[in-house]
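Please take these sequences and the hints and turn them into a complete structure.
Chain residues, written in single-letter form:
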Amino acid sequence: MILRGGRAVLFGVALTVLLGCGNSGSSGPSSPSGPSGSNVLAVTIDPSSAAVCTFSNEPCTHVTICQPGTAHCQTIADVLVDTGSSGLRIFASAVTITLPASHLGECMYFGGATDWGRVHTVDVVLGGEPAVLVPIQVIDPTFAGQYTSAGQPASNICGVAVVDSSPVQAGFNGILGVGLFPFDGGFYYNCASLPCTAVAASLSQQIQNPVGLLPVDNNGVIVALPSVPTSGSPSLSGSLILGIGTASNNQPSGVTVLPTNSSGQIVTRFHPSPGVSTQNVGIIDSGSSVIFFSDSSLSIPLCPGNLSFLYCPASPLNFSAVNTELSGSPSSLVSFQIADPRPLLQSGNAAISNMGGPAFSTGVFDWGLPFFFGRTVYVGLSGQTSVLGTGPFWAY
Amino acid sequence: MKHRLALEMAVAFSLIVIIDPPITWAVLGEPVSAVETDRVALAGQLSMIPAQLYTIQEITTSELVVREYVSSDTVFAVAWRGRRPPNLVSLLGSYFQEYQEGAAAGASNGPRMRGMTRIQGARVVVETGGHPGDIRGRAYIPSLLPSGVTKEMIQ
Numbered sequence: 001m002i003l004r005g006g007r008a009v010l011f012g013v014a015l016t017v018l019l020g021c022g023n024s025g026s027s028g029p030s031s032p033s034g035p036s037g038s039n040v041l042a043v044t045i046d047p048s049s050a051a052v053c054t055f056s057n058e059p060c061t062h063v064t065i066c067q068p069g070t071a072h073c074q075t076i077a078d079v080l081v082d083t084g085s086s087g088l089r090i091f092a093s094a095v096t097i098t099l100p101a102s103h104l105g106e107c108m109y110f111g112g113a114t115d116w117g118r119v120h121t122v123d124v125v126l127g128g129e130p131a132v133l134v135p136i137q138v139i140d141p142t143f144a145g146q147y148t149s150a151g152q153p154a155s156n157i158c159g160v161a162v163v164d165s166s167p168v169q170a171g172f173n174g175i176l177g178v179g180l181f182p183f184d185g186g187f188y189y190n191c192a193s194l195p196c197t198a199v200a201a202s203l204s205q206q207i208q209n210p211v212g213l214l215p216v217d218n219n220g221v222i223v224a225l226p227s228v229p230t231s232g233s234p235s236l237s238g239s240l241i242l243g244i245g246t247a248s249n250n251q252p253s254g255v256t257v258l259p260t261n262s263s264g265q266i267v268t269r270f271h272p273s274p275g276v277s278t279q280n281v282g283i284i285d286s287g288s289s290v291i292f293f294s295d296s297s298l299s300i301p302l303c304p305g306n307l308s309f310l311y312c313p314a315s316p317l318n319f320s321a322v323n324t325e326l327s328g329s330p331s332s333l334v335s336f337q338i339a340d341p342r343p344l345l346q347s348g349n350a351a352i353s354n355m356g357g358p359a360f361s362t363g364v365f366d367w368g369l370p371f372f373f374g375r376t377v378y379v380g381l382s383g384q385t386s387v388l389g390t391g392p393f394w395a396y
Numbered sequence: 397m398k399h400r401l402a403l404e405m406a407v408a409f410s411l412i413v414i415i416d417p418p419i420t421w422a423v424l425g426e427p428v429s430a431v432e433t434d435r436v437a438l439a440g441q442l443s444m445i446p447a448q449l450y451t452i453q454e455i456t457t458s459e460l461v462v463r464e465y466v467s468s469d470t471v472f473a474v475a476w477r478g479r480r481p482p483n484l485v486s487l488l489g490s491y492f493q494e495y496q497e498g499a500a501a502g503a504s505n506g507p508r509m510r511g512m513t514r515i516q517g518a519r520v521v522v523e524t525g526g527h528p529g530d531i532r533g534r535a536y537i538p539s540l541l542p543s544g545v546t547k548e549m550i551q
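First to last, the sequence lines map onto chains A and B. Sequence positions in the first sequence follow this note's numbering and run 1 to 396. Sequence positions in the second sequence follow this note's numbering and run 397 to 551.
Hints were generated in silico from the structure; no laboratory data involved. Possibly wrong hints are sitting among the right ones.
A short, non-exhaustive set of chain B residues, derived as facing chain A with CB atoms under 10 angstroms [claimed, not checked]: (1) 479; (2) 485; (3) 496; (4) 498; (5) 501; (6) 534.
Below, a sample of chain B positions facing chain A; criterion: calculated Cβ distance under 7 angstroms [said to hold, decoys possible]: (7) 463; (8) 483; (9) 500; (10) 513; (11) 517; (12) 519; (13) 521; (14) 523; (15) 527; (16) 528; (17) 529.
No residue lacks a Cβ here, since even glycine has one placed at the ideal position from N, Cα and C.
Structure (structure tokens):
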């Protein structure tokens, strides 16, 4: 709560509380000027100054990659901060340094998108941390002739209708996956000769979450974003902080810790109306632009046209849901609002707190970026221990 | 030696299964007999789940589960869930091209956001969602949905 008020003043945003934190506390690292230090990466939503990170509710940062063991480095801007995946991915077209040769391809499946490209091992520098040597995906639809430059199927090794094709189309130069797991769970292929063949890549070949390789701040991350009023905000500034309880700027206090299952899921009980409750698997995903949820008892109209994956209620709807550990305790009540997003989108707002859409698979509750507004969210890396316990867990 | 040969044969066989992409099967909109083709292509286990308004043919592999919804001897919908999606070129058959054209249009003209996707073509609706490690999706032919069946039942 301290953070929410402080940030709100700092960024000139009204103190409207959109996503109530219910019975859980929501305090964390904060200072009048925001956290600073070698373990802090600035996170922004600012389409007016970004080249390609221009989507609504798209939080981006900078990451530096280098030829291994050298000072031949390149800082990549417009990299999506994604708590829903693990590992760094950069479009080949955004890379100007020469990378080591590689014949290892990868299909990486996201909920609504797929990335195909080559795996390269590079030095990655996050904030002011020491470089870590780690395999990353260099997204390239045309690698090994699998897709056209527009992402359309050619040989189509991933078996999908379209893959991310360019920074402009995808809306990012790369994705920094700082999720719950050390490895990315992608599918690997040997493309030394065509056709590419599926391989069981060794762990050391697989794309890894660079956070877990840091010398000290390696047990998880914190995403801290300011609150956003129901009227939206044209831009937003926050922080990605590396480590939990490893430095003076990442000491948690008063948070609810929710351990997840091996798929990174908690239980989310949704209350669409009084006396009605549905149980869902819950995920917390900064890479999802809105809150995705479904309930067959709801009949919220979908937006028309190419916004048909969003809810367009006639007037704003207020809901609540309870997040719990799989065992049922602890729990945390979360309030949120869903409104017609069209007026805010049309008036140039880039951060929108009350936007939602249907989770097409009934039973999944995806706490997208609106959940992060006004919260400090802790991502506990699987197998790593912090003052909040051993990951995988979410805490806020 | 015999055991080693058996092991090598087993390895070779598993490699054949892995590297041979299932490209010749198709099911959505086809007769229920196509389901067995899918089961063989996916090298999965088939089970049948009776329901009031339809029958579900469920194919389970180590990576994913595909459910094929059957009524009047026709597969009117498919749903999937797993570490990866099934090969949609194969699963959607003659409907894949319509899906692919819709997805291409969405990628170039669609709303500038990231998350779940919904492609509504002239004959088929394809919805994808989930997250890395738990990828989900469904496709259905609205004109073939039996009376009383809603898309929420397809999952």
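Could you work out which of the previously given hints the structure breaks and list their numbers from low to high? 7, 11, 12 and 13
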